[in-house]
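Going down the list, the sequences are from chains H and F.
Each residue of the first sequence is one higher than the one before, counting from 1 in the numbering used here.
Each residue of the second sequence is one higher than the one before, counting from 1 in the numbering used here.
Rather than coming from a laboratory, the hints here were simulated on the basis of the structure.
By construction, the Cβ of each residue, glycine as well, lies at the ideal position given by its N, Cα and C atoms.
Please note that a few of the clues may not be correct.
[Unchecked claim] To spell it out: a stretch of chain H is covered by chain F in this simulated footprint if at least three of its residues, at any positions, have a beta carbon under 8 Å from a beta carbon of chain F; those stretches are:
#1 29-35
#2 58-64
[As the list claims (entries may be wrong)] Pair by pair, the computed Cβ-Cβ distance ranges are:
#3 H/H63 to F/Y74: 39 to 45 Å
#4 H/A124 to F/L174: 36 to 42 Å
#5 F/S171 to H/A22: 23 to 29 Å
[Said to hold, decoys possible] Covered by chain H, per the in silico footprint, the following chain F stretches (three or more residues, Cβ under 8 Å):
#6 65-71
#7 75-85
#8 146-153
#9 159-170
#10 177-185
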Amino acid sequence: MSILHHDPDDSLVAEVSDLLRAEHRMLCEKAHPPAAGVVWWRAERRRRDEAARMAARPITVVHAVASACGAGVAAALLQVLTPWLRQWISAAGGLARLLEWDTTSFPAGYITMLALVALASLVAPLALYVALSDDK
Amino acid sequence: MSDMTLTDLERTAIAAGDDATAAFVMDEEAFRIFYERTSRSVWAYLFRMTGDGQLADDLLQEAYYRFLRARKEYESESHRQNALYRIATNVARDTYRRGRRAPEAVPIAEEVDRADRREHADVAERAGTRTDVGRALARLRPRDRELLWLAYAQEFSHREIAEGLGLKTSSIKLLLWRARRRFMELLGR
Chain H
1 MSILHHDPDD
11 SLVAEVSDLL
21 RAEHRMLCEK
31 AHPPAAGVVW
41 WRAERRRRDE
51 AARMAARPIT
61 VVHAVASACG
71 AGVAAALLQV
81 LTPWLRQWIS
91 AAGGLARLLE
101 WDTTSFPAGY
111 ITMLALVALA
121 SLVAPLALYV
131 ALSDDK
Chain F
1 MSDMTLTDLE
11 RTAIAAGDDA
21 TAAFVMDEEA
31 FRIFYERTSR
41 SVWAYLFRMT
51 GDGQLADDLL
61 QEAYYRFLRA
71 RKEYESESHR
81 QNALYRIATN
91 VARDTYRRGR
101 RAPEAVPIAE
111 EVDRADRREH
121 ADVAERAGTR
131 TDVGRALARL
141 RPRDRELLWL
151 AYAQEFSHRE
161 IAEGLGLKTS
171 SIKLLLWRAR
181 RRFMELLGR
């Protein structure tokens, strides 16, 4: 034989349930979600855009590496050409004062390092910009 | 007005490492049927979770996009719907994490019923109740809101709710009981 038991929480459940079901019904009636075709089209377009962006990423990395290599080559060239440039500028006029420091008094590695640091500080922001700009 | 653009959401999805090159989980016709069956209900859920119709539109698009990209096979239609609600819940939670304000009011209920109120006094009373419901839901914690909505508006089972919200099935009963209490307190009953 079953015993009839009234749980006070049951009426609370029923009340909450009624309220939320009515709210849900009302919102579903009044909802105007975009058409299925529009949602599908946007999703397709976005998938293609993302696929293209991901395919372009390796190229971006190659650009960044190429920029760094270019900076290195430029630094090496500058080191090699400094004596010649100095002579050329001296011959050109009174600009010799600008290069009066004597490179022979410095260790060769030290000058190379200085030149590399200077160039890297100029080129690195550009390389970073090129590397990251496609990710936006 | 929504201040979160779809682009923000796109970046999040990309950051999550989704494979953008893979095909969608269903074709356009199958999607249309599924969407027409579920979209209003999902929109209502997102609207109640965020309190912003414009944002609910954006999140709806995002939820279906993530669903299409999930590339999972589902045993049944009900599993598929559960998966969709799980995604919608995560999309809404991402929005909370970005520091969006909590839902405040229920403009839809007020706007929709403004005209009705002039005509029928009983409708005005019902509209007032709905406004109260919206306000009370908005003042609940997000998890309580999700629990109550999935349990009573969507009529999900405890297991489905647990799967959707990432909780233990055994804890749902107690969590629902607490959420109900809070909700009724906020309604002043």
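Cross-check of the supplied hints:
Counting residues of the region 29-35 of chain H whose CB falls under 8 Å from any CB of chain F gives 4; the rule of at least 3 is met. Check on the region 58-64 of chain H: 0 of its residues sit with their Cβ under 8 Å from a Cβ of chain F, so the three-residue criterion for coverage is violated. At roughly 43 Å, the beta-carbon separation of H/H63 and F/Y74 lies within the given 39 to 45 Å, and the hint holds. Separation of H/A124 from F/L174 is about 57 Å and departs from the stated range, judged on CB atoms against 36 to 42 Å.
Between F/S171 and H/A22 the Cβ separation comes to about 28 Å, which falls inside the hinted range of 23 to 29 Å. Using a Cβ-Cβ cut-off of 8 Å, 3 residues of the region 65-71 of chain F lie near chain H, which meets the minimum of three, so the contact claim holds. Given a C-beta distance limit of less than 8 Å, the hint that chain H covers the region 75-85 of chain F is violated, as 0 residues qualify and 3 are needed. Three residues within the 8 Å Cβ limit are the bar, and the region 146-153 of chain F against chain H gives 4, so the coverage statement holds.
Counting residues of the region 159-170 of chain F whose CB lies closer than 8 Å to any CB of chain H gives 0, which falls below the minimum of 3, so the coverage claim is violated. Coverage of a stretch by a chain is defined here by at least three residues with a beta carbon nearer than 8 Å to that chain's beta carbons; for the region 177-185 of chain F and chain H the count is 5, and the condition holds.
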